[in-house]
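Asks: Add chain B to chain A, keeping to what the hints say.
Line order of the protein sequences matches chains A and B.
Residue 303 is where the first sequence starts when you use the working numbering, and the numbers rise one by one after that.
Residue 15 is where the second sequence starts when you use the working numbering, and the numbers rise one by one after that.
Think of the hints as simulated: they come from the structure by calculation, not from any bench.
Computed from a predicted model, the values in this text were never measured in an experiment.
A hint or two may mislead.
Said to hold, decoys possible - Pairs of lysine to any residue residues, derived as SDA-like cross-links and limited to a Cα-Cα distance of at most 20 Å, are as follows: (1) B:Lys169 to A:Gln343; (2) B:Lys52 to B:Asp103; (3) A:Lys319 to B:Thr167; (4) A:Lys319 to B:His184.
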Amino acid sequence: MTDPTRGLFNPEVLNEKVMSAIIEFRTPLGQVGVVLDVLEQVAEGIDTVMAVGVAERCGYNGESVLEKILPEYGYPILRAKTNLGLGQVEVAS
Amino acid sequence: MTHSLHRFGRVEDLTGDYIVFAMPARGFNDTDAVEKEKEFLRRALKHGPVNLGDAKKGGWYRPQKELGPTVHWRRETAPDPDWVIDGVDAPGIVAAVFDSYEAMAAFVRELREANLGVSINISALADRAAQCCQDCEITRHSVEYSLGFLGRTDKLPEKEVLELSTMCGHGTISFALAAKMLDRVRCGRRTPEEAARTLARFCVCSIFNPARAEKILAGE
Chain A
303 MTDPTRGLFN PEVLNEKVMS AIIEFRTPLG QVGVVLDVLE QVAEGIDTVM AVGVAERCGY
363 NGESVLEKIL PEYGYPILRA KTNLGLGQVE VAS
Chain B
15 MTHSLHRFGR VEDLTGDYIV FAMPARGFND TDAVEKEKEF LRRALKHGPV NLGDAKKGGW
75 YRPQKELGPT VHWRRETAPD PDWVIDGVDA PGIVAAVFDS YEAMAAFVRE LREANLGVSI
135 NISALADRAA QCCQDCEITR HSVEYSLGFL GRTDKLPEKE VLELSTMCGH GTISFALAAK
195 MLDRVRCGRR TPEEAARTLA RFCVCSIFNP ARAEKILAGE
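Bound conformation, chain A alone (with noise of 0.2 Å):
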């Protein structure tokens, strides 16, 4: 990216075709809102397809903030992608 907080392209690569992309990005969970509104402004003026996603991090005990202020927004929960915790990092001997 040439800009990364404007979200701009190298321009060489702008017409490119993909067959599939994935743009990530943060935003606190208060925002979470607005950006899905204007993810749906977005989607009216491309001339594709999106899949929309969001992750956070569970609480102490694996509760979800998202699980519950999703279906306010007009998303119902349906499919996800859990991470089970069970990752380590190694320890040198």
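Replies: Below, chain B without anything else, positioned relative to chain A:
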């Protein structure tokens, strides 16, 4: 980042679709990663998966190089899990696909006890994954939810084609191929099982669910 999250279908269909991944992190827990991944796959086999493999070489239905004209009438289509496991030769993502909650949960319980040390993920209906964590006494770390499709959804194909094609998150099962297999079954030129295994060979990341595909192809 995910390639398994946005599998299209109704809740009733997705109750038979569970993917369990193992993913080492380079520089953090990838020592002996190949052996850990092989152990993951060997343990998965005990619980009756409908597909398994690694993201570099594919699942247990794979294209074959030595084919002749008689392939249309005579082709070895039985899954070969030993071939898959022996073929894991570099760190990467491995996966096992199940068509029942009980099989998936039993496998996850065994993984917890095995303590392989690599990240384990479940891609499934959100409430089923949450139930599995509860049943296996696992505190989940993070969750990503699929919110569906936006934009030019008028360009999307018919429901059955989408259900089949989205089972490979890399888009290697084209809409045209899925539609062709549906037509072949409807015309009686292929059984649902044959068509499902044909489609499975195109999924390079091994997360295609042939059991679910058979039901879609059969019109269930």
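Asks: If a hint holds in the structure, say so; if it does not, say that too.
Replies: Verification of the supplied hints:
For the proposed pair B:Lys169 and A:Gln343, the alpha carbon gap of about 18 Å is at most 20 Å, so the pair holds. For a cut-off of 20 Å, the pair hint linking B:Lys52 to B:Asp103 stands: about 9 Å separates their Cα positions. Annotation: proposed proximity of A:Lys319 to B:Thr167 holds, straight-line Cα distance about 19 Å (limit 20 Å). Pair hint A:Lys319 plus B:His184 holds up; C-alpha atoms about 15 Å apart against a cutoff of 20 Å.
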